[in-house]
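Next come the chains, spelled out residue by residue.
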Amino acid sequence: MRPANRLLLWLLLAPAVLWLGLLIVLPHLEILMLSLRQRVAPHEYAFSLQQYATFFDEPLYWHTFARTALISLLATLLTLLLAFPVAWHIAKVARGRSKALMLALLLLPFWASEMVRTLGWVILLRGSGVIPQWLFHLGLTAEPVELLYNDASILLGLVYSSLLFMLIPLVNALETLDDSLVEAAYDLGGSRVNILRQIILSHAAPGIAAGSVMVFMLTLGNYLTPVLLGGKNSMWFTEQIYTQFITRFNWEQGAAFALLLLVLSTLMVWVGLKLTGQGFGETLRRT
Amino acid sequence: MIPSIPQSARSRLLRTAYLALFFLFLLLPLTVVVIFAFNDAPYPLPPWRGFTLDWFFAQGDRIGLFHDEEMLASLWQSTRIALWVTALSLLVGTCNAFLLERCRFRGQRLLSLAMLLPLVIPGVILGISILAFMSRLAQFADDTWGVELEFLRPGLPLIVLGQFSYIVSIATLTIAARLKRFDTALEEAALNLGASRWAIFRTIILPYLRPALFGAGAIAFLLSFENFNTTYMLTGSDAPLTVLMYGRMKEGATPVLNAVSLMLMLFSALLAGIVYRRKPD
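These protein sequence lines are chains S and D, in that order. To convert, note that position 98 of the first sequence is 237 in my numbering; the numbers rise steadily by one, no gaps. To convert, note that position 142 of the second sequence is 241 in my numbering; the numbers rise steadily by one, no gaps.
Hints are computed from structural coordinates only; laboratory data are not their basis. These numbers come from a predicted model, not from an experiment. Built from N, CA and C at the ideal position, the CB exists for glycine as well. You may find that some hints are simply not true.
[Said to hold, decoys possible] Pairwise CB distance ranges (calculated): (1) D:Ala240 <-> S:Leu216: 32 to 38 Å; (2) S:Gly329 <-> D:Arg280: 34 to 40 Å; (3) S:Ala344 <-> D:Phe122: 24 to 30 Å; (4) D:Leu212 <-> S:Gly235: 19 to 25 Å; (5) S:Phe275 <-> D:Gln106: 20 to 26 Å; (6) S:Asn144 <-> D:Phe313: 25 to 31 Å; (7) D:Leu212 <-> S:Ala344: 20 to 26 Å; (8) D:Lys279 <-> S:Leu274: 50 to 56 Å; (9) D:Thr243 <-> S:His342: 28 to 34 Å; (10) D:Gln106 <-> S:Trp201: 48 to 54 Å; (11) D:Thr283 <-> S:Leu216: 42 to 48 Å; (12) S:Gly160 <-> D:Gln238: 15 to 21 Å; (13) S:Ala185 <-> D:Phe300: 26 to 32 Å.
Extracted from the complex, chain S is given alone in its bound form (with noise of 0.2 Å):
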């Protein structure tokens, strides 16, 4: 290599290298050393794995992280459920002017900001909203009923946020399947069923598994449509994180708290991918 060039590559390499030690690589040690210490005595700190043993003997902790992870598995299938037949359609049915239609109204409730789906979903919710409003006046209740801060509405937000990132890697696999072999199938008189199972999902396991990782993830670490939608019943740990650090100014555990939800979401992520047998960049690429 020239000495030009091996200059050039360090050059390029600096911000890089900057970027991934000084804001993630060191931060994430950071945590981790301070998730691993306890105070002793004022401004002083020895190791110690009470942090964790916190979290396990303390049933509000742990409660709250396996309902947080049971909740963001059950909007990850559902918005895999209510994407597919969408997704199918775009790719196979819809043509042209109509199709570009679809995605660009798919994609307009993510170009507004997550706080204005939110405050949506607020106005229509809230027992004085639009929803109980109108199934009030239509004599389906006998008065008013409050539909926010449950867990369905939590639940009903998070598959709101989440429909984009499922859709988009499902089309994109969907398109890619060559109708011939759906044609195919259905001339030899295959059942619906088996060609869905055996042509279709395994075409589009790879999009499947993008779109339910990506999906998972971004739940997993939601903080704002949880709490604004479950109000004083929400229980994320996110906001258990937050609630550490910021309100108690327990770093120590604040920290313990967030290696336990990066584990998981970690563990998800590799299970995810494993499972459907996906390379971590391939996927990542996809969305």
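Given chain S, work out where chain D should sit, using these hints.
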């Protein structure tokens, strides 16, 4: 099923109904946000009490968006943050793209994977880890040299760094994808004709990359403007828009929030329009 396969009228009807419901579901929240920005009532809730532009222009009992000092200040704060994040992301993203596509060195594959890592870390964790690490640096500077490094405390610089830490990954992907398709024969021809490396970069590669830079810039700006998770952990005394809106929503929303939301939607639509019109492929 695909159109070439025969299908009963009933299942076709079912599918159309499903699609209609799906798009209704998708657009309903945005529609109510827009409608209640114009409702003549102190809360963005039914019943409809008549059309008003108070929530944009009023100045008196009701304070409209354009006279809401706090809201305007937060908009400006968000804009400054987004401009910084966009500029930094494009600069570093371009360097990264060249590093990944044009250089060969040991550990390149590993580095290219590491560059995707920030996308799988939850935003809240990015935020607090940077907060904790920068506080340690500030503490260290204070203890050893007795200097107070204000920019390492929560505030604009930290928000910029926090958002940049993952947005640059997206910028890198976008720019690298386009650089990969660049025809190097053009570059060789220019070299043969005696052009300098710098001249080639400026007159051939940069114009070629422009659409990707434009797209990546728009996305970076938008992601930064809308970011909440990371920003919330790093905000000091001057709240950017999303953090301010969150605070107000917890207190009880007023239609001013709807008015801001409408402006945000219009702005994003504009940005989206520009990006898609310029997209050559």
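Against the structure, the hints come out as follows:
Checked against the hint of 32 to 38 Å, the C-beta distance between Ala240 (chain D) and Leu216 (chain S) comes to roughly 48 Å, which is inconsistent with it. The hint said 34 to 40 Å for the Cβ distance between Gly329 (chain S) and Arg280 (chain D), and at roughly 39 Å that hint holds. A beta carbon spacing of about 27 Å between Ala344 (chain S) and Phe122 (chain D) agrees with the range 24 to 30 Å that was offered as a hint. Checked against the hint of 19 to 25 Å, the C-beta distance between Leu212 (chain D) and Gly235 (chain S) comes to roughly 39 Å, which is inconsistent with it.
Between Phe275 (chain S) and Gln106 (chain D) the beta carbon distance is about 40 Å. The supplied range of 20 to 26 Å is therefore violated. For the pair Asn144 (chain S) and Phe313 (chain D), the supplied restraint of 25 to 31 Å holds, since their beta-carbon distance comes to about 29 Å. Between Leu212 (chain D) and Ala344 (chain S) the beta carbon distance is about 22 Å. The supplied range of 20 to 26 Å therefore holds. At roughly 54 Å, the beta-carbon separation of Lys279 (chain D) and Leu274 (chain S) lies within the given 50 to 56 Å, and the hint holds.
Between Thr243 (chain D) and His342 (chain S) the CB atoms are about 60 Å apart, so this pair departs from the stated range of 28 to 34 Å. Take Gln106 (chain D) and Trp201 (chain S): their Cβ atoms lie about 49 Å apart, and the range 48 to 54 Å holds. In this structure, Thr283 (chain D) and Leu216 (chain S) meet the distance hint of 42 to 48 Å, their C-beta atoms being roughly 46 Å apart. Between Gly160 (chain S) and Gln238 (chain D) the beta carbon distance is about 19 Å. The supplied range of 15 to 21 Å therefore holds.
Between Ala185 (chain S) and Phe300 (chain D) the C-beta distance comes to about 54 Å, which lies outside the given range of 26 to 32 Å.
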